[in-house]
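Based on the hints, put chain D in the right spot on chain G.
The chain contents come next:
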Amino acid sequence: MLNKQIFSGRGLRERGNWRALVLVVFTLLAVGGIILSLTKGALSISLHEIIAAIFSDNAGPSRQVIWNIRLPRTLVGALVGINLALAGAILQGVMKNPLADPHIIGISSGAGLAGVTIMVLFPHQEYLVTPIAFVGAMASAVFIYILAWKGGIRPVRIILAGVAVSAFLNSGISALMVFYSDRVHGALMWMVGGLSARSWPHLDIILPYTVVGGILALLGARRLNLLNLGDDIARGLGLNVEVSRIAMTAVAALLAASAVSVVGLLGFVGLIVPHAARLLVGSDYRYLLPASAILGVAVVTLSDTLARVAFSPIEIPVGIIMAFIGAPFFLYLLRRDA
Amino acid sequence: MSIMQTENLELAFDGKAVLKKLTIPVEKGQIISILGPNGSGKSTLLKALSGNLKPDKGSVYLDGRNLAQLSAKVIARKMAVLPQSPEAPKDLTVRDLVEYGRYPHQSWWQGKSQEDDQCVDWALVQTGLLDMSSRIVSTLSGGERQRVWIAMALAQKPEILLLDEPTTYLDISHQLEIMELLAEFNQEHNITVVMVLHDINHAAKYSDCVVILHQGEVCAIGKPEDVITSHTLRTVFGVESEIMMDNGGRPVVMITGLTKRRGQIK
Numbered sequence: 017m018l019n020k021q022i023f024s025g026r027g028l029r030e031r032g033n034w035r036a037l038v039l040v041v042f043t044l045l046a047v048g049g050i051i052l053s054l055t056k057g058a059l060s061i062s063l064h065e066i067i068a069a070i071f072s073d074n075a076g077p078s079r080q081v082i083w084n085i086r087l088p089r090t091l092v093g094a095l096v097g098i099n100l101a102l103a104g105a106i107l108q109g110v111m112k113n114p115l116a117d118p119h120i121i122g123i124s125s126g127a128g129l130a131g132v133t134i135m136v137l138f139p140h141q142e143y144l145v146t147p148i149a150f151v152g153a154m155a156s157a158v159f160i161y162i163l164a165w166k167g168g169i170r171p172v173r174i175i176l177a178g179v180a181v182s183a184f185l186n187s188g189i190s191a192l193m194v195f196y197s198d199r200v201h202g203a204l205m206w207m208v209g210g211l212s213a214r215s216w217p218h219l220d221i222i223l224p225y226t227v228v229g230g231i232l233a234l235l236g237a238r239r240l241n242l243l244n245l246g247d248d249i250a251r252g253l254g255l256n257v258e259v260s261r262i263a264m265t266a267v268a269a270l271l272a273a274s275a276v277s278v279v280g281l282l283g284f285v286g287l288i289v290p291h292a293a294r295l296l297v298g299s300d301y302r303y304l305l306p307a308s309a310i311l312g313v314a315v316v317t318l319s320d321t322l323a324r325v326a327f328s329p330i331e332i333p334v335g336i337i338m339a340f341i342g343a344p345f346f347l348y349l350l351r352r353d354a
Numbered sequence: 640m641s642i643m644q645t646e647n648l649e650l651a652f653d654g655k656a657v658l659k660k661l662t663i664p665v666e667k668g669q670i671i672s673i674l675g676p677n678g679s680g681k682s683t684l685l686k687a688l689s690g691n692l693k694p695d696k697g698s699v700y701l702d703g704r705n706l707a708q709l710s711a712k713v714i715a716r717k718m719a720v721l722p723q724s725p726e727a728p729k730d731l732t733v734r735d736l737v738e739y740g741r742y743p744h745q746s747w748w749q750g751k752s753q754e755d756d757q758c759v760d761w762a763l764v765q766t767g768l769l770d771m772s773s774r775i776v777s778t779l780s781g782g783e784r785q786r787v788w789i790a791m792a793l794a795q796k797p798e799i800l801l802l803d804e805p806t807t808y809l810d811i812s813h814q815l816e817i818m819e820l821l822a823e824f825n826q827e828h829n830i831t832v833v834m835v836l837h838d839i840n841h842a843a844k845y846s847d848c849v850v851i852l853h854q855g856e857v858c859a860i861g862k863p864e865d866v867i868t869s870h871t872l873r874t875v876f877g878v879e880s881e882i883m884m885d886n887g888g889r890p891v892v893m894i895t896g897l898t899k900r901r902g903q904i905k
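Chains as they are written, first to last, in the working numbering: chain G, 17 to 354; chain D, 640 to 905.
Bound conformation, chain G alone:
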């Protein structure tokens, strides 16, 4: 167990090298995932053709496929990976709870009920799914925060309020699906989460959140580190604990809501990617946040490629692939570290 040896008493420099190594490996995985996602699919396209299509005007036969389908889809997938992984990493720190993820603060159930409502009741207004889901996600996050507020915020109250509100909203989703069982297919796909037919407009929606949210998350890294020392210590070191907690939760909510409203309720990334990253680079958020973001890109792009190729010509939602492969891998990491 290489990381264990290094963490348990050898030099700081070795640990720095180890972190750098992990980041390099994650980056290679992410780049590999992006390349595979661009090249593999119903039509196999060589890397050379892709580069030619992106950087020159030569209208080759595969140019349409790349520009209109593969490239935007891959980029949306990458950004979704970043957003959900960052949101999960932040929430696990803020709540000091290993099970905290975008579900916990109501993002998923809020987006879910809003999105499914549109899909089922107003199937001709599908373009409204993304904005309404975003509003639903943020509304339920704010609602949970208000419910949990009692002269300040205690993480355990948020988590309990989140569980209750999510159960309430999810029952609404179930009710819709029961009443309109003839229309649930699209809604079901969206509940699982998928990148099918995601294109440039979706990228435009999510990109600003990734940029702003990513920067704010990195600026908050030291605050997250302090919060992990416990409220009393953090306050004693001069951190405004309440303000930091609200601010970082808000950043996580924006990151997750923008991702979920675009691709549906991709559950797995926000929970397990940050844990996997933490097991490998440690709990210092200055390293954990970038590592989670990069690993998020790798996991989503690789899974989406597999989702397209594995049962070709049938495409399955990426959410299924991700949980199916990721969960056992995560259990392996967990066992190995214990």
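Quick caveat, the hints were computed from the structure, so don't treat them as lab data. Honestly, I wouldn't trust all of these hints.
[As the list claims (entries may be wrong)] Restricting the straight-line Cα-Cα distance to at most 30 angstroms, the calculated cross-link-like pairs of lysine-lysine (DSS-like) are:
| # | chain 1 | residue 1 | chain 2 | residue 2 |
| --- | --- | --- | --- | --- |
| 1 | D | Lys693 | D | Lys862 |
| 2 | G | Lys166 | D | Lys655 |
| 3 | D | Lys693 | G | Lys166 |
| 4 | G | Lys166 | D | Lys712 |
| 5 | D | Lys660 | G | Lys166 |
Keep in mind that this is a model prediction, so the values were computed, not measured.
Chain D alone, transformed into the frame defined by chain G:
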């Protein structure tokens, strides 16, 4: 001159008064110990002094300024706080943890300065941890871990150090080691120490001033030899005791038994 002062400090939980009109001066450069039975309000008083709990009535003054009106960072540059049995993330090294002590002196746009590194080194040397600085905190023994937390507090370069039962869970030699360390910082660097203690003899041996709390009120305050008496121990703790004086003129307490049987104490 008082570096800290509480004035008519009142604090209640769920309508039940825990601190009742406490007015306690903390003199600069002294070691002040807070003693009292369980539930007497010791920890609550310390949390009010640190700003972790807001008083319901009355105020806490730090250098003559109302604590409630100072920002957390300004407070943290003057005062370091060590709660009872703090816990660090599992993979932090000693140096990582001590570096957090510099947080109140850093701004978010700049990284570590040379001064930060010097302060961390100094804190590690003072606590005898320099050789262990790349060890993982969670693998250390209880006494070593407590020294790491104290080193973190020292790296803050505070004028006041607040500690809540710094010797709990330690064996007797490590308890003394922590007490000696605190006495040394107090003498050599003029750091004012305010701490909650359980051990009356430790308080008697190391403190300049002892505050005895009883049901949220100050039962006695002053020099150990004036305050720690058989009479006080009987009324506050419900124990019988014999008190001797050591060579330095400080009281040494030998508890001889309960005043009444447990069930009868009111």
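Hints, one by one, checked against the model:
| no. | hint | in the structure |
| --- | --- | --- |
| 1 | D/Lys693 - D/Lys862 | holds (29 angstroms) |
| 2 | G/Lys166 - D/Lys655 | holds (18 angstroms) |
| 3 | D/Lys693 - G/Lys166 | holds (15 angstroms) |
| 4 | G/Lys166 - D/Lys712 | holds (24 angstroms) |
| 5 | D/Lys660 - G/Lys166 | holds (26 angstroms) |
Consistency note: the structure conflicts with none of the earlier hints.
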